[in-house]
Amino acid sequence: MHQGKTNALTIKTPEGILFSLLLAGPITRSLAWVIDGLCIIAISSIVGMALGILGVVSRDLAWGASILAYFVISVGYGIMMEWYWRGQTLGKRLFRLRVMDEQGLHLEFSQIVIRNLLRFVDSLPAFYVVGGLACLGSRRAQRLGDFAANTIVVWNPKVPEPNLNQLLADKYNSFRDYPHLAARLRQRVSPQEAGIALQALLRRDELNPEARIELFREIVSHFRSVVAFPEEGVDGLSGEQYVRNVVDVLFRRHDTKQGRPR
Amino acid sequence: MIIDLQKFILEERPYWAELEGNLDKLEKEPELRMTLEQVKQFHYLYQRTSADLAKIMTFSSEPEIRRYLESLVGRAYGEIHETRDKPHRLCPLHWFFRTFPQTFRRHIRAFCLSLAIMLVGCTFGGLAICFDPDAKEVIMPFPHLRIDPSERVADEETADEDRLHGVKTAFSTYLMTHNIKVAIFLLALGMTWGIGTMILLFSNGVMLGAVTLDYVLAGETKFLVGWLLPHGAVELPACLLAAQAGLVLASALIGWGEPISLKIRLRKISGDIVTLIFGVAILLGWAGFVEAFLSQYHQPVISYEAKIGFGIVELILLVLFLAKSGAHKSGTEVQGPD
Numbered sequence: 001m002h003q004g005k006t007n008a009l010t011i012k013t014p015e016g017i018l019f020s021l022l023l024a025g026p027i028t029r030s031l032a033w034v035i036d037g038l039c040i041i042a043i044s045s046i047v048g049m050a051l052g053i054l055g056v057v058s059r060d061l062a063w064g065a066s067i068l069a070y071f072v073i074s075v076g077y078g079i080m081m082e083w084y085w086r087g088q089t090l091g092k093r094l095f096r097l098r099v100m101d102e103q104g105l106h107l108e109f110s111q112i113v114i115r116n117l118l119r120f121v122d123s124l125p126a127f128y129v130v131g132g133l134a135c136l137g138s139r140r141a142q143r144l145g146d147f148a149a150n151t152i153v154v155w156n157p158k159v160p161e162p163n164l165n166q167l168l169a170d171k172y173n174s175f176r177d178y179p180h181l182a183a184r185l186r187q188r189v190s191p192q193e194a195g196i197a198l199q200a201l202l203r204r205d206e207l208n209p210e211a212r213i214e215l216f217r218e219i220v221s222h223f224r225s226v227v228a229f230p231e232e233g234v235d236g237l238s239g240e241q242y243v244r245n246v247v248d249v250l251f252r253r254h255d256t257k258q259g260r261p262r
Numbered sequence: 263m264i265i266d267l268q269k270f271i272l273e274e275r276p277y278w279a280e281l282e283g284n285l286d287k288l289e290k291e292p293e294l295r296m297t298l299e300q301v302k303q304f305h306y307l308y309q310r311t312s313a314d315l316a317k318i319m320t321f322s323s324e325p326e327i328r329r330y331l332e333s334l335v336g337r338a339y340g341e342i343h344e345t346r347d348k349p350h351r352l353c354p355l356h357w358f359f360r361t362f363p364q365t366f367r368r369h370i371r372a373f374c375l376s377l378a379i380m381l382v383g384c385t386f387g388g389l390a391i392c393f394d395p396d397a398k399e400v401i402m403p404f405p406h407l408r409i410d411p412s413e414r415v416a417d418e419e420t421a422d423e424d425r426l427h428g429v430k431t432a433f434s435t436y437l438m439t440h441n442i443k444v445a446i447f448l449l450a451l452g453m454t455w456g457i458g459t460m461i462l463l464f465s466n467g468v469m470l471g472a473v474t475l476d477y478v479l480a481g482e483t484k485f486l487v488g489w490l491l492p493h494g495a496v497e498l499p500a501c502l503l504a505a506q507a508g509l510v511l512a513s514a515l516i517g518w519g520e521p522i523s524l525k526i527r528l529r530k531i532s533g534d535i536v537t538l539i540f541g542v543a544i545l546l547g548w549a550g551f552v553e554a555f556l557s558q559y560h561q562p563v564i565s566y567e568a569k570i571g572f573g574i575v576e577l578i579l580l581v582l583f584l585a586k587s588g589a590h591k592s593g594t595e596v597q598g599p600d
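From first to last, the protein sequence lines are chains A and B.
Counting with the working numbering, you get residues 1 to 262 for the letters of the first sequence.
Counting with the working numbering, you get residues 263 to 600 for the letters of the second sequence.
No wet-lab data here; the hints were simulated from the structure.
The C-beta atom is built at its ideal place from N, Cα and C for all residues, glycine as well.
A hint or two may mislead.
Below 25 Å or equal to it, Euclidean Cα-Cα: the simulated SDA-like pairs (lysine to any residue) are [claimed, not checked]:
1. LYS12(A) x ARG96(A)
2. LYS525(B) x LYS317(B)
3. LYS484(B) x LEU498(B)
4. LYS302(B) x GLU15(A)
5. LYS317(B) x SER20(A)
6. LYS290(B) x LEU105(A)
7. LYS530(B) x GLU102(A)
8. LYS530(B) x SER110(A)
9. LYS430(B) x LEU556(B)
10. LYS317(B) x ARG188(A)
In silico negatives: residues of chain B with every beta carbon more than 10 Å from chain A [said to hold, decoys possible]:
11. TYR306
12. VAL335
13. GLY340
14. LEU355
15. ARG367
16. ILE370
17. PRO562
One chain only, chain A, in its complex shape (with noise of 0.2 Å):
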């Protein structure tokens, strides 16, 4: 099963326990970096405007006040933000980036400031070039800066709480008529095979129809090779439909008593 996590780094907990971390490539990371060039030269445009004002006093001291501000900007920027919001710019925020240590702990202030200073040389020659590469050549999708700082980009999507809702409704199972063969279900069919079909009724309505009837026959016929139920009790019944039997006696355990899901 493709667990859409080719770019991943694993860590491993003192308690033994494996979790894995998404790592951002350099095309999300780029268009982040492009929404930071924007809040800088958007912070530096009004940070200018307001330092207009000390033109009043003298044209030389509000030009001067400016350079020294727009250099604080561009370099101050990526610093304080990822300071302040734990490794979060804007952009990084908005693409839901964040710079983390590599080995998942809590960054320091000198590792944000070295990922940030050795931007100098990730963009040369233009455009983040070396950085980039870098980035593509790394196994943990590193710049130079974040090799350096001991830092890596993380990519946190959107995780639901998940909704089982269309598993968990109390509808009649024509399978559950049939206890011998369910427990042979459930003993013959592996985790894989079994979040397969669970993944299939959850994303269902993301299928197109032809791609949706293809794809639960092919799983109809899978599990009707794997424990074959009398035709009386499949009947009428449609790929999705059987599909849902099968998960609904994978994945609930009945009351044989009352026949009602505990």
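Fit chain B to the known structure of chain A by using the hints.
Only chain B this time, still in chain A's reference frame:
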């Protein structure tokens, strides 16, 4: 075996929601400090969610719940297992007068190497001007340096009007920001195993050596010292400090004679690099100010003796600061973080 997913979710969901709420709060309020009871509860929630993740990975292949729990555990892990010291309260004076010079002294060998490379560059630049005056066109970075030194001195000393009138502050901030950018490059090029840092340092040395010898050969040594020393007494050491930071980074990358992993070596020097580059930025801020407001004015506006005297005092103070400030009376230095 497949777990009863419905029951599992119904039972565990409140704990996940509580952990998620705590994490959101911690992320939104970086200053938040939990009480002991809150910490205990947070730890309990983390352990329970970790156990749920282990269970779901063992008994079910349901990827949606797994991703959700991984995201929770991943976020909580960073909060629970962070053992490094929290940063102390910011004390700028303590940092500048103790931490910065101590850090400089801890990596004195990298500084000496920077100085040596720059001196070799100066020698090369000087020799190039000596033996091939035409090289001036190639070596000198700015047009005003390419003209005959005596001609320039005459122009400067007879100038009726202030060339920087009305742009002194802007010129000063331009110099500050430009020099700080060069310093950051010197640091960042340490990532090329120090080769980039050394090349940039050497090329700056070549320019400095060429300019120096050009003026010395033209008999304008006094003008040269009066022109360069007031700001150069701080600017050049600051550039050497930036190169020192770059070489420290390079040395961590190379890791000669250090039987520890690259990651740990980089972690060990990260604080020192940041200290050095922030110190350099402060020094270059001062140098930019002096260069715009003092160095560009010559006799008869300001006597060369006064400018040279000012530069010498600055240099002595800087050497004393870097050599002595924050030093323990016993002569032992505070070690860097492990």
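Going down the list of hints, with the structure as the test:
With a C-alpha separation of about 23 Å, the suggested pair LYS12(A) and ARG96(A) falls inside the 25 Å cut-off, and the hint holds. Distance restraint check for LYS525(B) and LYS317(B): the Cα-Cα separation of roughly 32 Å exceeds the 25 Å cut-off, and the hinted pair is therefore not satisfied. Proposed proximity of LYS484(B) and LEU498(B) is supported: the alpha carbons are some 19 Å apart, at most 25 Å. Distance hint between LYS302(B) and GLU15(A) is fulfilled; the C-alpha atoms sit about 16 Å from each other, no more than 25 Å.
Between LYS317(B) and SER20(A) the alpha-carbon distance is near 16 Å, which keeps this suggested pair within the 25 Å criterion. Of the pairs offered as hints, the one joining LYS290(B) and LEU105(A) holds, with about 17 Å between alpha carbons and a cut-off of 25 Å not exceeded. Under the criterion of a C-alpha separation no larger than 25 Å, the hint pairing LYS530(B) with GLU102(A) is consistent with the structure, at around 15 Å. Using a Cα cut-off of 25 Å, the hinted pair LYS530(B) and SER110(A) holds, with the two alpha carbons roughly 11 Å apart.
A hinted pair counts as satisfied when its Cα atoms are at most 25 Å apart, and LYS430(B) with LEU556(B) qualifies at roughly 10 Å. Distance restraint check for LYS317(B) and ARG188(A): the Cα-Cα separation of roughly 20 Å lies within the 25 Å cut-off, and the hinted pair is therefore satisfied. Taking the minimum C-beta to C-beta distance to chain A, about 13 Å, the non-interface status of TYR306(B) holds against the 10 Å cut. Look at VAL335(B): its CB is around 5 Å from the nearest CB on chain A, not clear of 10 Å, so calling it non-interface is violated.
Not every beta carbon of chain A lies more than 10 Å from that of GLY340(B), the smallest distance being close to 5 Å; the non-interface claim is violated. With a least beta-carbon separation of about 18 Å from chain A, LEU355(B) lies farther than 10 Å from that chain, consistent with its non-interface assignment. At roughly 19 Å, the least C-beta separation between ARG367(B) and chain A is larger than 10 Å, which holds for a residue marked as non-interface. Every Cβ of chain A is farther than 10 Å from the Cβ of ILE370(B); the closest lies at roughly 21 Å, confirming the non-interface assignment.
Separation of PRO562(B) from chain A is adequate, the least Cβ-Cβ distance of about 24 Å exceeding the 10 Å criterion.
Violated hints, listed in ascending order, are 2, 12 and 13; each of the other numbered hints is respected by the structure.
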